[in-house]
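Enquirer: These are the residues of each chain, in order.
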Amino acid sequence: MSAETKKIGEIPSYKVTLFVRRFNPEDGQEARWEDFDVEVFGTDRVLDALHKIKWEQDGSLTFRRSCAHGVCGSDAMRINGRNRLACKTLIKDLDMSQPIYVEPIKGLAVEKDLVVDMNPFYQAYRDVKPFLIASDKPAKERLQSAEERARFDDTTKCILCAACTTSCPVFWTDGQYFGPAAIVNAHRFIFDSRDEASEVRLEILNDKEGVWRCRTTFNCTEACPRGIEVTKAIAEVKQAILVGRR
Amino acid sequence: MSTPKIHHYEYDVVIVGAGGAGMRAAIEAGPHAKTAVISKLFPTRSHTGAAQGGMAAALANVEEDSWEWHTFDTVKGGDYLVDQDAAEILAKESVQAVIDLENMGLPFNRTPEGKIDQRRFGGHTRDHGKAPVRRSCYAADRTGHMILQTLYQNCVKLGIEFYNEFYVLDLVMVGEGKNKKPSAVVAYELATGDLHVFAGKSIIFATGGFGKIFKTTSNAHTLTGDGVGIIYRKGLPLEDMEFYQFHPTGLAGLGILLSEAARGEGGILRNASGERFMERYAPTIKDLAPRDMVARAMANEVREGRGAGPNKDYVLLDLTHLPPEVIDAKLPDITEFARTYLGVEPYTEPVPVFPTAHYAMGGIPTNIKAEVLSDNNTVVPGLYAAGECACVSVHGANRLGTNSLLDINVFGKRSGIYAVEYAKTAKQVPVPANAADEVVAMIEKVRNSNGTEKVAVLRKELQDTMDKNAQVYRTEDSLNEALDKIAELRKRYENISVQDKGTRFNTDLLEAIELGFLLDLAEVLAFTARERRESRGGHFREDFETRNDKKFMVHSMAYLTDKKAKKPADNIKLDWKPVTITNYPPMERKY
Chain A
1 MSAETKKIGE IPSYKVTLFV RRFNPEDGQE ARWEDFDVEV FGTDRVLDAL
51 HKIKWEQDGS LTFRRSCAHG VCGSDAMRIN GRNRLACKTL IKDLDMSQPI
101 YVEPIKGLAV EKDLVVDMNP FYQAYRDVKP FLIASDKPAK ERLQSAEERA
151 RFDDTTKCIL CAACTTSCPV FWTDGQYFGP AAIVNAHRFI FDSRDEASEV
201 RLEILNDKEG VWRCRTTFNC TEACPRGIEV TKAIAEVKQA ILVGRR
Chain B
1 MSTPKIHHYE YDVVIVGAGG AGMRAAIEAG PHAKTAVISK LFPTRSHTGA
51 AQGGMAAALA NVEEDSWEWH TFDTVKGGDY LVDQDAAEIL AKESVQAVID
101 LENMGLPFNR TPEGKIDQRR FGGHTRDHGK APVRRSCYAA DRTGHMILQT
151 LYQNCVKLGI EFYNEFYVLD LVMVGEGKNK KPSAVVAYEL ATGDLHVFAG
201 KSIIFATGGF GKIFKTTSNA HTLTGDGVGI IYRKGLPLED MEFYQFHPTG
251 LAGLGILLSE AARGEGGILR NASGERFMER YAPTIKDLAP RDMVARAMAN
301 EVREGRGAGP NKDYVLLDLT HLPPEVIDAK LPDITEFART YLGVEPYTEP
351 VPVFPTAHYA MGGIPTNIKA EVLSDNNTVV PGLYAAGECA CVSVHGANRL
401 GTNSLLDINV FGKRSGIYAV EYAKTAKQVP VPANAADEVV AMIEKVRNSN
451 GTEKVAVLRK ELQDTMDKNA QVYRTEDSLN EALDKIAELR KRYENISVQD
501 KGTRFNTDLL EAIELGFLLD LAEVLAFTAR ERRESRGGHF REDFETRNDK
551 KFMVHSMAYL TDKKAKKPAD NIKLDWKPVT ITNYPPMERK Y
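Top to bottom, those sequences are chains A and B. Residue numbers for the first sequence follow my numbering, so the first one is 1 and each next one is one higher. Residue numbers for the second sequence follow my numbering, so the first one is 1 and each next one is one higher.
Among the hints, a few may not be true.
Just the calculated beta-carbon pair ranges, DEER-fashion [what the hints assert, rightly or not]:
id: 1; chain 1: A; residue 1: 143; chain 2: B; residue 2: 427; range: 44 to 50 Å
id: 2; chain 1: B; residue 1: 417; chain 2: A; residue 2: 28; range: 32 to 38 Å
id: 3; chain 1: A; residue 1: 19; chain 2: B; residue 2: 457; range: 24 to 30 Å
id: 4; chain 1: A; residue 1: 222; chain 2: B; residue 2: 464; range: 22 to 28 Å
Negatives, chain A to chain B, calculated, CB over 10 Å [said to hold, decoys possible]:
id: 5; residue: 25
id: 6; residue: 29
id: 7; residue: 33
id: 8; residue: 59
id: 9; residue: 97
id: 10; residue: 140
id: 11; residue: 174
id: 12; residue: 195
id: 13; residue: 202
id: 14; residue: 203
id: 15; residue: 212
id: 16; residue: 238
id: 17; residue: 239
id: 18; residue: 242
id: 19; residue: 243
Since the hints were derived computationally from the structure, they do not count as laboratory data. No residue lacks a Cβ here, since even glycine has one placed at the ideal position from N, Cα and C.
Isolated chain A (complex conformation) (with noise of 0.2 Å):
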């Protein structure tokens, strides 16, 4: 299927095959597979391709997107098995002499071809209490050495898209699980050297939706398009439940 078809300046081109997974509530139809051959270059990226489907043969395939980059994490899908950023996956990247699958995240009910329903994951997100709890009130900035900060720097790169959480088998079965990225967002404030309220976010995640549901299968980690080391902040989190923050 990849043969190269032509050039255009320096860029080669190919044609792609893509099975993209379809549900639409008003059609009255179940979910199914559909397939969609796409003229696409060698740094297209996947949401580039379905784009291209969008534009040019299907308006009603739906997706959300925004960045087109990988900042605003509108576009987690599963393609090829695996959870990732529709914008930040290039089709090169992917083994082009096979069809290239595309469905919605897993473990958030499906509202229409590869939209979810994000409000649980929000939910989860707000329930930790993603915010700084501080009780001073300085009046210039409050100090905090270059060390301190660098505690929490990884967990401050979630962008929110789910890739995380939707790629947990814990979270698959069990809706109610907080799920990494809620974790990674409570890691962030209770790593905070500024912040008061780490022992109540440590409450929170000592639940039995809370941080002792994950097995640690790496899955978190491995689908974080921000490089997270997911399985890294929720170990931390643990440790700090049994022994105290440090």
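Given chain A, put chain B in place with the hints provided.
Expert: Frame of chain A; chain B shown alone:
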């Protein structure tokens, strides 16, 4: 014709847009007035999150600095089209704006003493242009991401009410002429196709930019200027629309932004022969000249055959002399963009870059209280605008890097404060029974369209003509070509078809509606650019290469008069508005 369900709400303050400006406003308004934030995206998807380099404030944490120097740089950077009273406020209130964010939890990079660290950025200088100054407060190269997250976190803390994935498509105004007042906004809910009428005593527009009128842009797909377009369709003016910023360092061919911080940290622009060409264009501050000058210099290198690459169509951003650990600590995200999208390793290879459409200096005219103006002086009571959609004007003809994250915080906050103040005493303007009629008609017309034109094709042709004719270099002929093309596209827009006829998550329908706004705004931009027959800041006319203060030291004010007219000259009324000058008389702009 199916009629959508219509829901009604009443609030004191209604904020349209949940990016930096909208959420900063909400944090001020929420605790004091019944407040709703309506956004076409989930808040943290907003494009504030893509901003990288930093936020300017004369904290003087790492070297001597003053808000007065910052004001001067802002005025000069904007090529003297800046309203100087507004620039003073921006610079003066910047310090508190940064402290506010730190106190809210924003994880700024720190100095060895634990204070907020600062770095250099284009056009920011010590003592009126003597040398670059470290004024930009930052969090790695994801300062915008941190601002957006921190503001959303604080909105969650305050329990702000959000209506996400609601597309505001109309502003309901009641009254005649100068007595017109806002009453409500009408939003389309993506999930259901239902309409929602939000009555508000104060209404704040914080809807962001419209970079999608161009092909090569750093802007998100969703930045289609809906808010600015709504204001324009109400007969309210748009100010300085010809001034659009092209950021020098977009990833070549893609337009993805590589922060000016790369040059702030020591990165150098080179042409094909490896020459540091900015030495010829801005001998004193070289690669840290303002964006308009750097973008033009790059385009000129390419035009004169000194571009790099197989097609000689870009220049190179060289970071290879920086230690990898500095790159990792200060510029991690943008170097990853180079690796991911171009397969270039910035440790060892220079990165191909070319200017990318980035930021609208112009927009909805406001005063320093963020109140929207209906002409050069008259305030529309209860209507506010802040952020990229607004024109205060603190950016004039060219915005300095790190002044936009500042703008959203200073004027976002102000809009919230003044909107609450107004709502405390104002009465709700009664919402007419037919408030949603226009949106119902628009939605049904587009949904039922079965013509022969494709929205994506028209949008691409629009973006192509804007890149070709209204970019870094402009002429009377190129702008006329753009205007003719837009007139043709408008006609063809009447004959579009939308394939998705459903009510649930109908993004096909919304893309068609968004294209309507893009066409309106592109037309205003090309028209005002044609009428400004001089070169100033981001607006460069090859047929009028110099600044003409005698004639054009004024803001343009464009009004839509007759929606049905065929030629833009017949449907846009152009007026001019004086620039507010306090301390800095116009001088030649040299760096």
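Enquirer: Take the hints in turn and mark each one as holding or not.
Expert: Here is what the structure says about each hint:
no. : hint                        : result
1   : A:143 <-> B:427: 44 to 50 Å : holds (48 Å)
2   : B:417 <-> A:28: 32 to 38 Å  : violated (51 Å)
3   : A:19 <-> B:457: 24 to 30 Å  : holds (26 Å)
4   : A:222 <-> B:464: 22 to 28 Å : violated (40 Å)
5   : 25                          : violated (6 Å)
6   : 29                          : holds (13 Å)
7   : 33                          : holds (19 Å)
8   : 59                          : violated (3 Å)
9   : 97                          : holds (20 Å)
10  : 140                         : violated (6 Å)
11  : 174                         : holds (24 Å)
12  : 195                         : violated (8 Å)
13  : 202                         : holds (18 Å)
14  : 203                         : holds (18 Å)
15  : 212                         : holds (25 Å)
16  : 238                         : holds (23 Å)
17  : 239                         : holds (21 Å)
18  : 242                         : holds (26 Å)
19  : 243                         : holds (25 Å)
Checked against the numbered hints given earlier, this structure breaks hints 2, 4, 5, 8, 10, 12; the rest are met.
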